[in-house]
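Asks: Sequence:
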Amino acid sequence: MLKKISVCYVLKFNKHAFLDGFIGNYNIYQWIVMKKTINLIALSSLLTSYSYSCSADDGEIFFNDKLAPAKPNVIFLLDVSGSMAWYPYADNKKTPPKGVSSRMDILKSSLDKVLADESATTGIRAGIVKFSGSQGISTVVPVADIDNGNQRQTLRNKAQDLKAAGGTPTVQALYDVGQYISPNTGSKGPYHATKLGSSPILEGCQLSHIILMTDGKPEGNNYGSQVASYIGAGSASNCSVVTQVNTDGSLVRTLDRTLGQSSSNYSNETCGRALTSWMSRTDQAPKLEGDNYIRTHTIGFALRNQNGTQPDRSDGKNAQNFLTDLAKYGGGKSFEANSDETLVKAFREIISDVRAADSPSASGTVTVGEQARYEQRTEVFYSLYASDAYNYWPGNMKRFKIEYVETTLFNSTKKGQRAVLVDKKGTSAMSPDGTFYNTASSFWSESDGGKVMSGGVLEQLKSPADRKIFTVQNKTEIVDLKANPTASIDLGVNDLTEKNALLNFIRGYTYNTDSNALTVADKKMGDAARGRISLATYDCITPDTSGKSDVINCLQLDQVALLASNDGFIRGYNINTGEAIYEYMPEEMLPLIQKLQRREVVSFKKPRYYGLDGKPVIYHHDKNNDHYINNGEHAYAYIASGRGGAYIYALDISSRNAIKLAWQIEGGKGSFSKLGYTWSTPMLGKMKINGEVTAVLVFGGGYDKSPQEEDTQSIRTNAKGNDLYIVNAETGNLIWSASNSNLTGNMSYSIPSAVALVTDDSEDKLVTDIIFGDMGGQVWRLSIDNAKSNSTNQLSITGKVIAQLAGSSAADERKFYQAPAVYETKINGIETLSVNIGSGFRNHPLNMVIKDRIYSLRVPKDSTTQTIITEEMLGIASSDGQSISGDLTNGFMIKLSAEGEKVITDGYANFDRLVFNTFIPFNTDKKTCVPSTGTQRTYNYDLTTGKSLLKTAYISIGISALPPDVTAYCDGRYCTIISDPSLLSKEKPLPEGKDKDAFLVDTGSGNFVKTGSTDLFDISAK
1 MLKKISVCYV LKFNKHAFLD GFIGNYNIYQ WIVMKKTINL IALSSLLTSY SYSCSADDGE
61 IFFNDKLAPA KPNVIFLLDV SGSMAWYPYA DNKKTPPKGV SSRMDILKSS LDKVLADESA
121 TTGIRAGIVK FSGSQGISTV VPVADIDNGN QRQTLRNKAQ DLKAAGGTPT VQALYDVGQY
181 ISPNTGSKGP YHATKLGSSP ILEGCQLSHI ILMTDGKPEG NNYGSQVASY IGAGSASNCS
241 VVTQVNTDGS LVRTLDRTLG QSSSNYSNET CGRALTSWMS RTDQAPKLEG DNYIRTHTIG
301 FALRNQNGTQ PDRSDGKNAQ NFLTDLAKYG GGKSFEANSD ETLVKAFREI ISDVRAADSP
361 SASGTVTVGE QARYEQRTEV FYSLYASDAY NYWPGNMKRF KIEYVETTLF NSTKKGQRAV
421 LVDKKGTSAM SPDGTFYNTA SSFWSESDGG KVMSGGVLEQ LKSPADRKIF TVQNKTEIVD
481 LKANPTASID LGVNDLTEKN ALLNFIRGYT YNTDSNALTV ADKKMGDAAR GRISLATYDC
541 ITPDTSGKSD VINCLQLDQV ALLASNDGFI RGYNINTGEA IYEYMPEEML PLIQKLQRRE
601 VVSFKKPRYY GLDGKPVIYH HDKNNDHYIN NGEHAYAYIA SGRGGAYIYA LDISSRNAIK
661 LAWQIEGGKG SFSKLGYTWS TPMLGKMKIN GEVTAVLVFG GGYDKSPQEE DTQSIRTNAK
721 GNDLYIVNAE TGNLIWSASN SNLTGNMSYS IPSAVALVTD DSEDKLVTDI IFGDMGGQVW
781 RLSIDNAKSN STNQLSITGK VIAQLAGSSA ADERKFYQAP AVYETKINGI ETLSVNIGSG
841 FRNHPLNMVI KDRIYSLRVP KDSTTQTIIT EEMLGIASSD GQSISGDLTN GFMIKLSAEG
901 EKVITDGYAN FDRLVFNTFI PFNTDKKTCV PSTGTQRTYN YDLTTGKSLL KTAYISIGIS
961 ALPPDVTAYC DGRYCTIISD PSLLSKEKPL PEGKDKDAFL VDTGSGNFVK TGSTDLFDIS
1021 AK
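So the sequence shown is numbered by full-length UniProt numbering: it starts at 1 and just counts up by one.
None of these hints come from the bench; they were simulated from the model.
Quick caveat: nothing in here was measured; it's all calculated off a predicted structure.
Treat the hints with care, as some may be off.
[Unchecked claim] 27 Å max Cα-Cα, derived DSS-like pairs, lysine-lysine:
1. Lys-163 with Lys-345
2. Lys-415 with Lys-524
3. Lys-425 with Lys-986
4. Lys-669 with Lys-475
5. Lys-705 with Lys-606
6. Lys-94 with Lys-468
7. Lys-163 with Lys-188
8. Lys-345 with Lys-93
9. Lys-826 with Lys-994
10. Lys-482 with Lys-468
11. Lys-98 with Lys-163
12. Lys-113 with Lys-424
13. Lys-688 with Lys-947
14. Lys-468 with Lys-523
15. Lys-345 with Lys-328
16. Lys-108 with Lys-523
17. Lys-425 with Lys-462
18. Lys-163 with Lys-93
19. Lys-425 with Lys-623
20. Lys-523 with Lys-482
21. Lys-401 with Lys-415
22. Lys-548 with Lys-623
23. Lys-424 with Lys-317
24. Lys-851 with Lys-788
25. Lys-826 with Lys-947
26. Lys-595 with Lys-705
27. Lys-415 with Lys-996
28. Lys-548 with Lys-523
29. Lys-468 with Lys-345
30. Lys-415 with Lys-951
31. Lys-986 with Lys-424
Start from the sequences and build out the full structure, keeping to the hints where you can.
Replies: Written as structure tokens, this is what we have:
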């Protein structure tokens, strides 16, 4: 029987992405999609030569100073045919008089605006190629780093010299540019032709992008046979494109000529689609390590009549259809443009996609019922972001759905139900390799898959003028973040013009100190690298057909999804529309705006800036016990700033549309003088204070960012963070804090992890124990006597170290960053707490020195005098996981055998199963285009016997970032344990166990009872 199911968080990754999420009141995953241009190769060289004297940050896995990021190549392939001198309408084929803009004038103006915007184009290598029948195909500006020297200005200047004359040899132009990009030599494609200059490819894994802009149908195509020969088709009639990728990886091809049959101009389209398809799937530099592909993007310009209709003739619909196909099969995007504004937007959206990864990936959040703790709703909310070599990483949030499908249980004909991920149409959304299918449609969008810059809440953002963006000054004064004549808010700059430009920038305009020349920028919101989604539930909009309106059976809930992000905002989203209801930036985060605008380069030595890097936790004083925030009830959301500072904010979310700042805590001040960076997520519980049941928050002292904390080669005491706090959840007032002065033991090390809260059997579920690890490899237990607080205003708390699991040698300097998973059982008739925790240097995941462990400790529940547990007192699992040596009285440990193997994400323990993921840093010089930062091992052990439930000690997969937290999805009877996102794929079977199902469990089984704050679910504190 479950006593209390509370909070944990989930961190997920795969070949293209990593997932990082938080389970607050609900079950959450979150995906983080890796930017392909960030090169994480030759980590072994980095590990052996770097001193690790940089700032601590687990983001070090994304950066390697030995290998600079491979910036993508962008070739603007511009149509300069004679029609570019005409009016910008398909039905006016005349040259406009002086003073009236022609198509060419608009192209020059729009391209200049795009190139002049450093924030939108930083981080690419760019060049210009022009094409026309009479002028030929030639390089205007060779591809080079746009941020170096005069390249940006040269691009702007040379673009103004373009002239309009001649026809439109589109296919020939694509063919020539393809040969320009490839550095390869040989007689079969791909190979380099010197016509346009030297290849822009400098290294492996460097993507190249063609942005084709044209105002009409292709002409003069005599290159069908040459293209066919180049791509290996043999003849033009055999040119084909890949039109489908099956789930097993096989390709479906369609003849190019059949796709162009509807066009009266097909002869001039011959093999064009096949060429872009081939370039997007064929390594253009096979002699370099890693693949180099070409993606083709297209813009059809001035293809509509003045009244907005599109001509049926080949220079209208068919021309745009051809361009759409070129991009579709070429791995890019296609746009229409008919004005300066829409052409600027098209260029910007393409470049935005070039700079941000669009690899599909997944993650999720579900609502849980009160009576049936293992029954969840099926809505799933995902937070995604793309990493970048610059500050201001883009983020997004999407909604999908969990479906339960029948599966056969181990060694049985009995059927169970496993969780799989589906899109809004009910089709499978997750591929067997753990990425979203490109065709998956999230709610609010179509076929956006796991793309960060497409679909989701990003697509639903309102215009800059209409967004509800605000801060709170002087703790109570609500101030809109928008340009104004006084702009008294502190942004870290004094100049009023610059201040207003920054305010316009954060609302969604392109940064410009000329307030009369504002343009709307690409839609963008900051990433939630460690942030998590939490859901506040206000009402049932649509009861089920039988009239049930509880949180599980209600067909449509009125919920707000809360997500904090590293642009300094916490946002609330309507889950039914995806629209942002509010966007709040705390006053302390305001100076971050100018840092985001500057988009400074980040690296191994210079970590990025962080804003609100914590996880929202929701407290609802549910007086009527209906689980809806209504009838004047109070509700709060708590956000710790994490890596963004030493702050904890409490927002009053009692009113759905009008949140307020209730209170805040700042480290280094008053009663919180020892509070460091607030990495420790506040955990919600109840204790008796002066005889009254009181909602409290419990959190560790956080992270000490002093230089001694950054040293990876020693464990040292800390000046900050070595404290534990209990505060009133409604007022923020300090109730109690722990330190060396009032506890038996050595509280000398910082506490960056969340704590585990153990509760009693009473209706109030009062907290009886607080259990946590510290940076000195110690595990603590604090015990609360709620009965004694009936007659005093002080808490009666005793505590001590219950385990010391680090040593003095470099290999034994183990640290605990993650909260323990604490469960209750009876062993030999004795009530016992099973404390499960893994060690690992999370802030330096590349460390190869420390020998880390997974521990399952057994602590008598009613004893506070137990001997401190050391490694010598534990049983040891064998290397193959099939046996165990030693005495299990105090528990057991799993020695992590690989060099650098460590636990840096949360594990899962329930139904007699202990499931942990570990991380092994990648240790090779081999270059791979999708950053393969290491290996994930998943350990699935029996909590009772200490033996593996798998046929081996662990299962391994390659990953591109840090491993995920382990979590579970439950339908009321069966729970699916998810250690890897691919386990949510309908097409992939769950890994087999040795004697029983390892990843699918019947909720009626198991001796261990979930009691801790690292447990999976939490409803509300009443």
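Asks: State for each hint whether it applies.
Replies: The hints, checked one at a time:
For the hint linking Lys-163 to Lys-345, the alpha-carbon distance of about 23 Å falls within 27 Å, and the restraint holds. For the proposed pair Lys-415 and Lys-524, the alpha carbon gap of about 45 Å is over 27 Å, so the pair is violated. Distance restraint check for Lys-425 and Lys-986: the Cα-Cα separation of roughly 15 Å lies within the 27 Å cut-off, and the hinted pair is therefore satisfied. With a CA separation close to 16 Å, the supplied pair Lys-669 and Lys-475 stays within the 27 Å bound.
Taking the CA atoms of Lys-705 and Lys-606, the gap is about 14 Å. The hint holds against a cut of 27 Å. Pair hint Lys-94 plus Lys-468 does not hold up; C-alpha atoms about 46 Å apart against a cutoff of 27 Å. Under the criterion of a C-alpha separation no larger than 27 Å, the hint pairing Lys-163 with Lys-188 is inconsistent with the structure, at around 35 Å. Restraint check for Lys-345 and Lys-93: the C-alpha separation of about 25 Å stays at or below 27 Å, so the hint holds.
Under the criterion of a C-alpha separation no larger than 27 Å, the hint pairing Lys-826 with Lys-994 is consistent with the structure, at around 25 Å. The suggested pairing of Lys-482 with Lys-468 holds, with an alpha-carbon distance near 10 Å, which does not exceed 27 Å. Restraint check for Lys-98 and Lys-163: the C-alpha separation of about 15 Å stays at or below 27 Å, so the hint holds. The suggested pairing of Lys-113 with Lys-424 is violated, with an alpha-carbon distance near 38 Å, which exceeds 27 Å.
The straight-line distance between the Cα atoms of Lys-688 and Lys-947 is roughly 40 Å, outside the 27 Å bound, and the hint therefore fails. Pair hint Lys-468 plus Lys-523 holds up; C-alpha atoms about 15 Å apart against a cutoff of 27 Å. Restraint check for Lys-345 and Lys-328: the C-alpha separation of about 19 Å stays at or below 27 Å, so the hint holds. The hinted pair formed by Lys-108 and Lys-523 meets the criterion: a straight-line CA distance of about 24 Å does not exceed 27 Å.
A distance of roughly 26 Å separates the Cα atoms of Lys-425 and Lys-462; the hinted pair therefore holds under the 27 Å criterion. For the given pair, Lys-163 sits about 17 Å from Lys-93 by alpha-carbon distance, which is consistent with the 27 Å threshold. Distance restraint check for Lys-425 and Lys-623: the Cα-Cα separation of roughly 38 Å exceeds the 27 Å cut-off, and the hinted pair is therefore not satisfied. Of the supplied pair hints, the one linking Lys-523 and Lys-482 holds, its CA atoms being roughly 17 Å apart against a limit of 27 Å.
With a C-alpha separation of about 22 Å, the suggested pair Lys-401 and Lys-415 falls inside the 27 Å cut-off, and the hint holds. Only pairs whose Cα atoms come within 27 Å are accepted, and Lys-548 paired with Lys-623 is accepted, the gap being roughly 20 Å. For the given pair, Lys-424 sits about 31 Å from Lys-317 by alpha-carbon distance, which is inconsistent with the 27 Å threshold. Using a Cα cut-off of 27 Å, the hinted pair Lys-851 and Lys-788 is violated, with the two alpha carbons roughly 43 Å apart.
As the CA atoms of Lys-826 and Lys-947 are separated by approximately 19 Å, the hinted pair is consistent with the 27 Å bound. Among the hinted pairs, Lys-595 with Lys-705 is consistent with the structure: their alpha-carbon atoms are about 20 Å apart, no more than 27 Å. Of the supplied pair hints, the one linking Lys-415 and Lys-996 holds, its CA atoms being roughly 14 Å apart against a limit of 27 Å. With a CA separation close to 39 Å, the supplied pair Lys-548 and Lys-523 exceeds the 27 Å bound.
Straight-line distance between C-alpha atoms of Lys-468 and Lys-345 comes to about 23 Å, which keeps the hinted pair within the 27 Å bound. With a C-alpha separation of about 22 Å, the suggested pairing of Lys-415 with Lys-951 holds against the 27 Å cut-off. Between the alpha carbons of Lys-986 and Lys-424 the distance comes to roughly 15 Å, so the proposed pair stays at or under 27 Å and holds.
Hint compliance for this structure: hints 2, 6, 7, 12, 13, 19, 23, 24 and 28 are not met, and every other hint is.
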